[in-house]
Amino acid sequence: DTAVSQTPKYLVTQMGNDKSIKCEQNLGHDTMYWYKQDSKKFLKIMFSYNNKELIINETVPNRFSPKSPDKAHLNLHINSLELGDSAVYFCASSHELTGGAPGELFFGEGSRLTVL
Amino acid sequence: AQSVSQHNHHVILSEAASLELGCNYSYGGTVNLFWYVQYPGQHLQLLLKYFSGDPLVKGIKGFEAEFIKSKFSFNLRKPSVQWSDTAEYFCAVMGNTDKLIFGTGTRLQVFP
Chain A
1 DTAVSQTPKY LVTQMGNDKS IKCEQNLGHD TMYWYKQDSK KFLKIMFSYN
51 NKELIINETV PNRFSPKSPD KAHLNLHINS LELGDSAVYF CASSHELTGG
101 APGELFFGEG SRLTVL
Chain B
1 AQSVSQHNHH VILSEAASLE LGCNYSYGGT VNLFWYVQYP GQHLQLLLKY
51 FSGDPLVKGI KGFEAEFIKS KFSFNLRKPS VQWSDTAEYF CAVMGNTDKL
101 IFGTGTRLQV FP
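Sequence order for the protein chains is A and B. Position one of the first sequence corresponds to residue 1 (the numbering used here), numbered consecutively onward. Position one of the second sequence corresponds to residue 1 (the numbering used here), numbered consecutively onward.
Excised from the complex, chain A in its bound form (with noise of 0.2 angstroms):
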């Protein structure tokens, strides 16, 4: 049983498109996350939401929206896309320790989007 799985995988698209990543978790996590891996491997989070309410807003265009429709799902909806956006982009969950701060990311495989 995969922990955090991600759909697509892989997805190629021009320019302009608008496109969707979905992510879903069944660790029963209050928190997920979305993560951009660029090119040389930096590894930068964008979006964390728990019990579907946005906590974490990085410094993202307004392209990106992030949407939970329940604490075990985290779609990242991209519009308008750029050459720049290209990367693989990761989920995660996690669920809270004691006092209500984030224990271990557990992380999906990653999808790997290629802008043309």
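FYI, nobody ran anything at the bench for these hints, they're computed from the structure. Even glycine gets a Cβ: it sits at the ideal position worked out from N, Cα and C. Don't take each hint at face value.
Simulated pairs of lysine-lysine, PhoX-like, Cα-Cα distance not exceeding 25 angstroms [claimed, not checked]: (1) A:Lys36 to B:Lys49; (2) B:Lys61 to A:Lys41; (3) A:Lys19 to A:Lys67; (4) B:Lys49 to A:Lys67; (5) A:Lys22 to B:Lys99; (6) B:Lys99 to A:Lys41; (7) A:Lys19 to A:Lys71; (8) B:Lys99 to A:Lys44.
A few chain A positions that, by computed beta-carbon distances, are all more than 12 angstroms from chain B [what the hints assert, rightly or not]: (9) Gln6; (10) Pro8; (11) Leu11; (12) Pro69; (13) Asp70; (14) Ala72; (15) Glu82; (16) Gly108; (17) Glu109.
Take the given structure of chain A and dock chain B to it, following the hints.
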């Protein structure tokens, strides 16, 4: 603001050599520290973590890391590497912002 520095960008070793990857963080408060590994074409997996207690932390696959608070460091070590350890290694820190901030990663190549 939290930040993480990994000074070794690319490390090349022969099998059985010892490994130490540097990690320094910048944050004034209490931190949780992590090392993640990313094998070629795969997702990130947790190697080990430090939240509190014994500053010498043992993880999976023979890895360990030592938290030295005075040096703001959390270096990763393994006494004898194997070819299968070839991967990208990421140090990460989480302070009170609840954001896990990653270093830029160290690419480890192990040759038989």
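- Confirm or reject the statement that Pro69 of chain A sits farther than 12 angstroms, beta carbon to beta carbon, from all of chain B. With a cut-off of 12 angstroms, Pro69 of chain A remains clear of chain B, as the shortest Cβ separation is near 22 angstroms.
- Message: Just want to verify: Ala72 of chain A was marked as not at the interface with chain B; is every Cβ pair farther apart than 12 angstroms?
- Response: holds (18 angstroms)
- Message: Using Cβ atoms and 12 angstroms as the threshold, tell me whether Glu109 of chain A really stays out of contact range of chain B.
- Response: violated (4 angstroms)
- Query: Can we confirm that no CB of chain B comes within 12 angstroms of the CB of Pro8 of chain A?
  - Reply: holds (15 angstroms)
- Item | No chain B beta carbon within 12 angstroms of Gln6 of chain A's | Non-interface label on Gln6 of chain A violated, nearest chain B Cβ at 9 angstroms vs cutoff 12 angstroms.
- Are the Cα positions of Lys19 of chain A and Lys67 of chain A separated by 25 angstroms at most? holds (13 angstroms)
- Decide if the proposed pair is consistent with the structure: Lys49 of chain B and Lys67 of chain A, CA atoms, cutoff 25 angstroms inclusive. violated (30 angstroms)
- Take the C-alpha atoms of Lys99 of chain B and Lys41 of chain A, compute the straight-line distance between them, and say whether it is at most 25 angstroms. Roughly 18 angstroms separates the two Cα atoms, so the pair holds.
- Query: Quick one, are Lys22 of chain A and Lys99 of chain B close enough, alpha carbons at most 25 angstroms?
  - Reply: holds (21 angstroms)
- Message: Minimum C-beta separation from Gly108 of chain A to chain B exceeding 12 angstroms: can you confirm that?
- Response: violated (6 angstroms)
- Query: Is Lys61 of chain B within 25 angstroms of Lys41 of chain A, Cα to Cα?
  - Reply: holds (23 angstroms)
- Message: So if I understand the rule, the pair passes when the alpha-carbon distance is 25 angstroms or less; does Lys99 of chain B with Lys44 of chain A pass?
- Response: holds (10 angstroms)
The structure is inconsistent with the numbered hints 4, 9, 16, 17, although it conforms to all the rest.
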